[in-house]
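Asks: Spelled out from the first residue to the last, the chains are:
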Amino acid sequence: MVSSYRIQGATGEWEVVIGLEVHAQITTQAKLFSGAATAFGAEPNTQVSLVDAAMPGMLPVPNAECIRQAVRTGLAIDAAINRWSRFDRKNYFYADLPQGYQISQLYHPLVGEGSLTIDADEKAGIPADKVIGIERIHVEQDAGKLMHDQHPTMSYVDLNRSGVALMEIVSRPDMRSPAEAGAYVRKLRAILRYVGSCDGNMEEGSMRADVNVSVRRPGEEFGTRTETKNVNSVRFVMQAIEHEARRQVDLIEDGGTVVQETRLFDPGTGTTRAMRSKEDAHDYRYFPDPDLLPLELDEAFIAECRASLPELPDAKRRRYEGELGLSAYNAGVLTAEVETAGWFEELLAASAAKAGKPEAELAKPAANWLLSELFGALNKTGTALADSPVTPAAGAELLALVAKGTISGSIAKQVLEKMLASGDGAEAIVEREGLMQTSDTSAIEAAVDQVLAANADKVAEFKAGKEALFGFFVGQTMKAMQGKGNPQLVNQVLRQKLG
Amino acid sequence: MSVDKETVARIANLARIRMDDAALDRMVPELNNILAWVEQLGEVDCSGVEPMTAVIPNTLRLRDDVVNADPLTGGGVRDAVLANAPAPEHGFFGVPKVIE
Chain W
2 MVSSYRIQGA
12 TGEWEVVIGL
22 EVHAQITTQA
32 KLFSGAATAF
42 GAEPNTQVSL
52 VDAAMPGMLP
62 VPNAECIRQA
72 VRTGLAIDAA
82 INRWSRFDRK
92 NYFYADLPQG
102 YQISQLYHPL
112 VGEGSLTIDA
122 DEKAGIPADK
132 VIGIERIHVE
142 QDAGKLMHDQ
152 HPTMSYVDLN
162 RSGVALMEIV
172 SRPDMRSPAE
182 AGAYVRKLRA
192 ILRYVGSCDG
202 NMEEGSMRAD
212 VNVSVRRPGE
222 EFGTRTETKN
232 VNSVRFVMQA
242 IEHEARRQVD
252 LIEDGGTVVQ
262 ETRLFDPGTG
272 TTRAMRSKED
282 AHDYRYFPDP
292 DLLPLELDEA
302 FIAECRASLP
312 ELPDAKRRRY
322 EGELGLSAYN
332 AGVLTAEVET
342 AGWFEELLAA
352 SAAKAGKPEA
362 ELAKPAANWL
372 LSELFGALNK
382 TGTALADSPV
392 TPAAGAELLA
402 LVAKGTISGS
412 IAKQVLEKML
422 ASGDGAEAIV
432 EREGLMQTSD
442 TSAIEAAVDQ
452 VLAANADKVA
462 EFKAGKEALF
472 GFFVGQTMKA
482 MQGKGNPQLV
492 NQVLRQKLG
Chain G
4 MSVDKETVAR
14 IANLARIRMD
24 DAALDRMVPE
34 LNNILAWVEQ
44 LGEVDCSGVE
54 PMTAVIPNTL
64 RLRDDVVNAD
74 PLTGGGVRDA
84 VLANAPAPEH
94 GFFGVPKVIE
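Protein chains in written order, with this note's numbering: chain W, 2 to 500; chain G, 4 to 103.
It is worth saying that the hints were derived from the structure and are not from the lab.
Think of the CB as a built atom: it goes at the ideal place given N, C-alpha and C, for glycine as much as any other residue.
Careful: at least some of the hints might be erroneous.
With beta-carbon atoms standing in for the labels, derived distance ranges [unchecked claim]: (1) W:K146 <-> G:P89: 53 to 63 Å; (2) G:V47 <-> W:G42: 51 to 61 Å; (3) W:A81 <-> G:E53: 42 to 52 Å; (4) G:A72 <-> W:E205: 45 to 55 Å; (5) G:R19 <-> W:P390: 24 to 34 Å; (6) W:S423 <-> G:R64: 49 to 59 Å.
Computed list of lysine-lysine pairs in DSS-like fashion (alpha-carbon distance at most 25 Å, straight line) [claimed, not checked]: (7) W:K188 <-> W:K91; (8) W:K146 <-> G:K100; (9) W:K381 <-> W:K414; (10) W:K365 <-> W:K230; (11) W:K419 <-> W:K381; (12) W:K230 <-> G:K100; (13) W:K91 <-> G:K100; (14) W:K485 <-> W:K459; (15) W:K146 <-> W:K124.
Per the computed footprint, the stretches of chain G lying under chain W, defined by three or more beta-carbons under 8 Å from a beta-carbon of chain W, are [to be verified]: (16) 21 to 31; (17) 34 to 48; (18) 91 to 99.
The following block holds chain W by itself, in its conformation from the complex (with noise of 0.2 Å):
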């Protein structure tokens, strides 16, 4: 469970202690207190209803999904939810806030302790089972957006972001090093997109981070942290921890402090600096909202939120690894995007009922070829799974004929080829272009006697010994066969006629 990621200082080693709140957009139609829509890409303005535009008299409803959503999120990391939870009032002013106030819940978040397990990676330095704390996660506001650069002396404010309902995910100041807070920001992504509660675009700025960084001397006292605000990458995160946990260690090692502020990080250098913020910043004088009674969950809500839930990612992953059989490595990338995933076993599903075989025996063919025919296939132009030309069930017909023995392996590429360039069905091509795989015997042999005559030499060595010629020739036998023999009738036939 120990990281050995250390930085080098002049006077020693120093690790880093890391954790990150998470700003996850609750993937919903409507705002959390209004009806205005949340779609991205709007016309300034035009989403803003007269309650998130904090118009005199206006009254916030919470919207019920959102409430369903996060508590789902809540139960897909085990984490404890709070039959009771309250709003209070976060008081700042800023021009992208019009109410005065952020409505938060600082107080009785709706979900309380939990945890996730990051995925291990030994190239990375991060140890099988790496569990990092959640403290909590609690439902707030979003503000709206600010625009510096279109006129000389205004700024601009579109307020569609006004009101959008956000997750707060924080955690414990658990990770030790940037690959392990990159592994994390990966995961949780992984699961809220599994659950549908946010859809983890972080370009768009669904998914944010706040990075909390420290340095100390390992094993000792917790130092003073920074926050670096609003990072919005995996990649940044772990550049910002690379840049801020350096920055500490020097400042203490030419005897400074660290203070504990706020940062902002610049994509552009990849460094962190300091925010030009005013003393009072952080006086937020919080109080419950007198608009919003406490909120109050059944047994029955929760209950149908945690039947909702889909098989997660970890959960997955077993089964492929304990039912399907397939590698650690082929069950981790299968499972770490849900589409992915879902792509998977839609193939494994439809292969299975076309071919009659079950679906553990096609597991392994299907993964593969997935992973590296057709990713293969579809990273060359550069296309998205969700956009294949592909279906599933398209491959699931390509495979079915490669379970039944109808075309070999090597065939099945060129028809995926044929696939992707026609549009046609994989049975059509076999079809058209006479690519049924020959298992009759005598064909074979003929094939065989052929290549062991034209190969007398070959054949001499390998009965003095050199048996690793039996790919040779089964290889010529292929060949001369166009692809097309039955390549365990070929071993088959090799082995009787070398032996």
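We have chain W already, so just place chain G on it with the hints.
Replies: Frame of chain W; chain G shown alone:
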């Protein structure tokens, strides 16, 4: 509980209310009177009584996740939203430049 002049000045600053010295001097005893009045509630023994949020049984009402179900609390009302803004431009609120 009571407040001094310095605290009142800080609260006024946080609330972005400008108060001169004379106003602060007037405000200190006013706020302290209010605080003392509310503090009387501390005389009531409420040990063993659950904190209460309303005097009648009442639960939080939730809304369905439907866009613009009620036009009064829906979007698509940009003109109304910007009607009182002092410097709207191109559909945005224009405010004095604030940049970090």
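Asks: Which of the stated hints cannot be reconciled with the structure, identified by number in ascending sequence?
Replies: 1, 3, 4, 5, 7, 10, 15, 16 and 17
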